[in-house]
Structures are given as structure tokens and as C-alpha cells.
Amino acid sequence: MAIEFTPFLVSLRLSFTVTALVMAVAMPVAYRLAFSRSRWKFIAESVLTLPLVMPPTVLGFYMLLAFSRNSPPGRIFSDTLGLPLVFSFSGIVAVSCIYSFPFALQPLKAGFESLDRAIIEASYTLGKSKLETFVSVVLPNIRPSLVTAVAMCFAHTMGEFGAILMIGGNIPGVTRVASIAVYDKVEQLDYFPAHVYSVLLLALGISVLMVVHHVNRRRGERHDTY
Amino acid sequence: MKTIMWVVVAALVLSIAFILNSTRGTTDARRPVRVAIASNLGSVMEELAASFNESYPGIKIEFITGSSGKLAAQIINGAPFDIFLSADMRNPEILYSMRLAGERPRAYATGTLILFTTGELPLRKAMELLNLPAIKRIALADPVTAPYGKAAVESMKNAGVYTAVYPKLVNAPTVSEVIAYTRSGADIGFTALSLLKSPWMKKYDVRGKYWMEVDKNLYAPVKQGMVILARGRRREQARAFYEFLSSAGAKNIFKKYGYE
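Quick mapping for you: the protein sequence lines, in order, are chains A and B. Residues in the first sequence are numbered from 1 upward in steps of one, following the working numbering. Residues in the second sequence are numbered from 1 upward in steps of one, following the working numbering.
I should point out that these hints are in silico values taken from the structure, not numbers from a laboratory. Only a predicted model underlies this, so the values are computations on that prediction, with no experimental measurement involved. Idealized CB from N, CA, C, for every residue including glycine. Among the hints, erroneous ones may be present.
[To be verified] Which chain A residues stay away from chain B? Per the calculated CB distances, all over 10 Å, these: (1) VAL29; (2) ARG37; (3) SER46; (4) LEU52; (5) VAL58; (6) LEU64; (7) PHE87; (8) ALA94; (9) SER179; (10) ASN216.
[As the list claims (entries may be wrong)] Chain B regions said to be covered by chain A (calculated; three or more residues, Cβ under 8 Å): (11) 61-69; (12) 152-158.
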């Protein structure tokens, strides 16, 4: 019996795309939030971490309504922009970005908050620009947080299921990601491929977590002996 | 030095994302025919596609399974399917009336409703069997979205056992999940005979031990219809498969899987 590995390619394609997009947005947002003294900060924080507590079906349902071909915004996306969001790869990228955002935001924010402001000031004093300081002083100093953010965002996207199923609708080669392929095979009572997919997902999940913990542990030790 | 490292890492991630995305363009040119199928067709479809590919080796057929109602809802919302094989005539009719299908639905098979169990149950006694105290959970496909579930409710009503067994009923999303439920928690379940004919379910295809047919007089025939979808992209290829499904060769395969 031949086992299709396309769902894994779709999952990897999705996870790489989503991780790149989310990291690009989450880094400046987390930086802003970490150093903001605004009274309204809590509102932004609540909205951005909402996906952590919201059932994926809720987001999937509203996105389905909003982006269906039968709704005005959906028509704009699919007919005017040529970028249909329902039952398409771009759609599951959009929904996964929203869902994985807090998984990158939280560790980054924690990293920025733990940062000693003095080294940033020192960098400014030595004539470095804001961007230079961010890239060569801030980021290297929060490396464990960066690794955690990238890994959690990537792994969470690999494991995302509910919202992708609602928005993507299980189209082979396009939106049938690995987690949905498991569901699909179980649904067809074909358990062998379901086992193969599940074991691979388990292995991937545990390896990502092991990398995170290993990297962070090494950092910790170095700090202790410092 | 550190700056360069971060630029390299970022460039690497972006290029991997780009490479993985760029494969999409090539797959679109030889996109397969996407057939949305009701769950009861999960087992017969592979053989049908294999037989079809003997005469049309170049056309790849892909399946998306689900309950008929759910698939129809997805098509209404823009799912990119070429053909829809429902477990009833109603859902294809709805799509036709919404002009999502260019021509009237065509019946391709009539399904067989069975009672399936993995336990030791006396399967000879008709529907009164469901009243047995040993049966605590009866699985059926959701009657709202799954035609076999609707047929199951109808047969229980006509046999006069529905009100008595109502508290025992457990809804599964599809007929194939009824089998999963019956293998794990439910004592007996209403499902489609075709599902027991797949290679990986063969051990349960023992009439009188694991399954019995539900009396055909108790429910309206599960007449299954299909349509070619107006929004489909692979018109010619879809048409070829659609015509094949009405051929004598396909009829024989359907028969082998318990359809009429």
C-alpha cells in the first residue's frame, strides 16, 4: 500500500511560510509591547493572545463566513485580487498566522522584557542606530526567546487542525495538511497510514521541543557559570 | 558578524518558504480531477479509479470524503471540486437548482443499509433486536447531513422501535465513523454495506455474524446521485470520469461493493 507524503509537504510549506510571516510581524509588535507604558497596552495584549483561548472553530467559522464566495469581502479577495481565501492555500496561511501569532509573541515579549535596558542605552551612546542596536544587541541577547518563538510557531502550525479544516476543507495537495490527513484516513477506516502520519507528527513535535529545551538549557548554564 | 548570521538565517527561512510555495505553479497545470465523495464510497472509489485509469492512464483522480450535506455546503461556499458523488439525490438537486451544476443529477447506485456489530449479538431477529438490554449504544450517521442516517431513523420509525430506542442513539458525523464508533464504544450501528468491502475491513464482512441487512421495506431506497460541477476546472477529464461511473464496468464494481 503506497503512502502519500504530500500532506507533509503541504504542512512544511505552510509552517515555513507562516513562521516567516509571523516572526516578521511579531518581533516589532513584541518589542513595542514590552517597552510600552501605555494605559491601553492590556487591550492589545488581550486581543493578540485571544487565539490561545478561543476555540479554532470560532475563528474558522467567522473566516468562512467572511471570506466565502457568497460574501462581499470574499468576492473582493477571490474575484478582484485573485486570491481566494476559502479552500485555498492562501486561506490556511491567513488563518494559521492568526492562530500561531501568540505562540511567537509570548516568548518574544518575555525575552524583550527581561532585557537589561542599560545595554540598549549603551549601544545608543556608542552611536549605533535603532535598527543596528536591535539586530546586533537586542536580538543576540534574547536568543533563547527567539529559538522558542520560531520553534513554537512552527510546531503549532504543523499541528493546527480545526480552523484549517474549516477554511481549507481537506483538498489534496493544497490544504490537506498532515494533521488533516490523519483525520481523513481514520475517517476512511484506513488505520495504517493514519499511524504512519501520527508517528511522524509525534516525532517532529518532540524533536522541536527537544531542540528548544536543549538550546535554552545551554544558555541557562552559561549564565550560571558567568 | 552577528548581523550577518541573522541576515543569513532570515534569508534561509524566506527562501525555503519561497521554494516550497513555487511548487504550486507546476502542480496546477496537471491538476487532478477532484471528486467529492460521500463517506460510504470510501472503499469502492479506489477500485473505480484504478479501473478508470486502465483506459485513461493520464487522468489522476483525487477524493475528498465527507458527509453529503457537508460536502454540498462546501461546494456552495466555493470548494474547488469537479464532481460530486452524493449519498442521496437531494443534495445534488439543490446544487443544480443553485446553478452550481450545469445538468440534472444522475443516479449512479443505490446503497444498502446494514446493522453492524463487533460483539456477540443474535443478528437474526429483525429491528426488535435494538430493544435488547445488552444494546446500550446504537450509532448512526447524523440524520441531518448523512442520507444513511436519515434512512436509519426512517427504518426505526417504520419498525415501531424509534421512541423506545431513542435514548440509546449516538450520532456520528459520517457512516464510516459509525464503524469506528461501533468498534470502540457503541454496541451496534447503522452503516453502509459498501464500507465492509474494503481490503482493511474484510474481516468484518461476515453476514449474520458482524452484519445484517436492514429490511428494504422499512426505508426509502438510498438512491445516490452525482453531478458535474459548473465551477470545475478540468472539464474534459471530469466528463470522462463522470461517464465512466455510469458504464457497465463501473456498475459491476458497485455491485461487488454491495450497491444495486
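Do the hints match the structure? See the list:
1. A:VAL29, annotated as away from the interface, keeps every beta carbon of chain B farther than 10 Å; the closest lies near 17 Å.
2. Look at A:ARG37: its CB is around 28 Å from the nearest CB on chain B, clear of 10 Å, so calling it non-interface holds up.
3. With a minimum CB-CB distance of about 29 Å to chain B, A:SER46 clears the 10 Å threshold, and the non-interface call stands.
4. Residue-level check passed: A:LEU52 sits 24 Å from the nearest beta carbon of chain B, beyond 10 Å.
5. No beta-carbon of chain B is positioned within 10 Å of the beta-carbon of A:VAL58; the least distance is around 17 Å.
6. Taking the minimum C-beta to C-beta distance to chain B, about 7 Å, the non-interface status of A:LEU64 is violated against the 10 Å cut.
7. With 10 Å as the threshold on Cβ separation, the claim that A:PHE87 sits away from chain B is violated: the shortest Cβ distance comes to roughly 5 Å.
8. Distance to chain B confirms A:ALA94 as a non-interface residue, since its nearest Cβ pair spans about 14 Å, more than 10 Å.
9. Even its closest Cβ contact with chain B, about 16 Å, leaves A:SER179 beyond 10 Å, as expected for a residue assigned away from the interface.
10. With a minimum CB-CB distance of about 17 Å to chain B, A:ASN216 clears the 10 Å threshold, and the non-interface call stands.
11. Coverage of the region 61-69 of chain B by chain A holds [criterion: at least 3 residues with CB-CB distance below 8 Å; count 5].
12. Residues of the region 152-158 of chain B lying with their CB closer than 8 Å to a CB of chain A number 0, which falls below the three-residue condition for coverage.
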